[in-house]
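The whole structure should be built from the sequences, with the hints applied where relevant.
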Amino acid sequence: MASRRPPVRIPSLTGFMAMGLLLVALCFFGLPMVWLMLATSHTDAGLFTAPPLSWGSFANMGAAWENLSTYESAYLVRWATNSLIYSIGGVSLSLIAALPAGFILATQVFPGRRLILILTLIAMITPNAALVLPIYLQMSFLGLDNTRTAMVLATGFFPFGVYLAFIYFATALPREILNAARVDGAGPWRVFASVALPLARPAIALIAFFSFLANWSNYFLALVLLSDDRLHNLPLGLTALISGARALSFSAATGIPIRRPEAIMAALIIIVPVLLIFLFSQRYIRAGLLAGGEKG
Amino acid sequence: MSQTNPRPPRSADRAARAARKRRRNVLVCYLFLAPYLVLLLLFGILPISYAFGLSFFDTFTGAFAGLENYVSAISDFRLGRSFANVGTYVVLWVSLMLVGVAALALIVDAMPQRAGVAARTVFFLPGAVTSAAIVVLWLFLLDPAVSPFGPVFALMGAENRFHVFETIGFAGVFTLMAFFAYAGGWIVVMHGALISLPGDVLDAGRVDGCRPTGLALFVKLPMIWRTMTLMAVLSLANGLQLFVEPQLLGLAGPQLARNDWAPNQLAYQYAFLMGDFGVSAALSTMILAVSLAIALWIVLATRFYRTS
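These protein sequence lines map, in sequence, to chains A and B. Heads up, the first sequence is in numbering that gives the first Met the number 0, so the first residue is 0 and it goes up one at a time. Heads up, the second sequence is in numbering that gives the first Met the number 0, so the first residue is 0 and it goes up one at a time.
Do not rely on the hints blindly, as some may be mistaken.
[As the list claims (entries may be wrong)] Listed next, the stretches of chain B that the computed footprint assigns to chain A, with coverage defined by at least 3 CB atoms under 8 Å from CB atoms of chain A: (1) 27-33; (2) 76-83; (3) 257-270.
[Said to hold, decoys possible] The following label-pair restraints were derived from C-beta to C-beta distances: (4) B:R80 / A:I84: 36 to 46 Å; (5) A:M36 / B:V151: 48 to 58 Å; (6) B:L45 / A:P110: 14 to 24 Å; (7) A:P110 / B:F217: 45 to 55 Å; (8) A:L141 / B:A18: 31 to 41 Å; (9) B:R19 / A:A179: 19 to 29 Å; (10) A:G61 / B:D202: 50 to 60 Å; (11) B:I73 / A:N178: 56 to 66 Å.
[Claimed, not checked] Derived contacts from chain B toward chain A, CB cut-off under 8 Å, selection only: (12) N24; (13) L53; (14) V98; (15) L140; (16) F179; (17) L247; (18) A251; (19) G252; (20) A280; (21) I297.
These aren't lab readings, by the way, just hints derived from the structure by calculation. Keep in mind the model is a prediction, meaning the values are calculated, not measured. All C-beta atoms, glycine included, are put in the ideal place defined by N, C-alpha and C.
The following block contains the structure:
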């Protein structure tokens, strides 16, 4: 019996090029993340002497954390608390506003509905940064700049959340259930509270995730609204700290124990919460990205 | 005759009741919408209108100034330069996104499923690195002394961070940062578009003797063109609003600090360094107008987002 060999496939030139491109891309996106996880294990000097992707020691990592978290009587804790307050406040408010709005836009026809939808889409596509200075000018006119309230209220306005809720209720809520509830004499409040909301868990997760992502790392709005450093969030406080200590410039050391490893640790503190959410809720996030394109 | 009398009132009554019910329904709808509409008004419509109004008044005298603020803003020599800077950046970024995202999405789509999932995860995770953190990270990545990309810089002949910035250019640096953070999300979106392509069309391509490359370039790519266009336009709109990245380059010392690189930075400077809210408002209004025009065009002229 003659054994039949599978034909040997010679990869084409374009196949090789594709493999090459893939490898380059994996390095471009992957190496920085690996480096970021390893870098704080080196001392300031060690960063320059050790090979770039090597492991230093846990002791160094602990020292960087110690320097960063105890500096200026633990401002870090205060900034982290502020970041949490702004994020949780913004997420809650955006959910409170987006869920009923998305529900009613998806299930009812009423005068003004189309206008509201179009305004929502325009607001969603317009980059947040475009509104930052106008919001600041208005808030300073109202005397509300430099308050936590202004920060939470401003981030509670999250049109992308309304869009996500609208899409979700329009596609995932079975018409029959809605009609049955209505025939049974349930008003919109009852339908919303006892039928739509319990089914909306995926939408809630999505809106909360994207709203959290936007608020947690918000720099521009925090920069203009909050000049008092006790109100700073993590990105604002940590960059001010790195800048003040001149940790990343080549100028002479300032005597402040904030050097390069501490700067990287600061970046990690901002990144890690989001990274964890990315890793543990990839399925939801992908669904959301597919639903709405991306809002950077 | 008296028997027919009661009929008209009853139907009028019914119509009135129906109208009342309809009005009540509309009222209920707007009660549901109230929290969102208040926020839309407070943080969308009002600030835009206020900034627009403010842009016609002199901040220091409080007097109506007509177009003076706009004239001051436009005659600031830094404005043209900043638009040129951001224009260069946007062209570089959008081109890199179109080519890079399409290529990577198509390559990953042709890979075995498990490997594809792993590759997409590697591309996607840098999305967690945003705002301040991305600048800190890239200041290290672009420093040949500590960067894992050291060999690349050695090939370029760049010995220190300033050399690297000179070689790549500031617009190039911001392009790398933005591609690093945003490409992964769009690769996932393209993946979604690719897996929803009709299988019979792809099969027909295969039967006709298309090799994987041909299939990717001549069958799949034209079919995800809509999503690609949306990506390009949204990237363009976001790119024009660049602020955080140039603003934070100063972390690396005065040689790299660029405080007027982008139009948004200029608007920020007018408000915070010079206290001239009028010119700042005029600049914000102009920058916002560009973004709003793009958004309006996407929503009204194309059918990317259907409203019903």
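Structure versus earlier hints - violations, ascending order
Result: hints 2, 5, 14 break, sorted rising.
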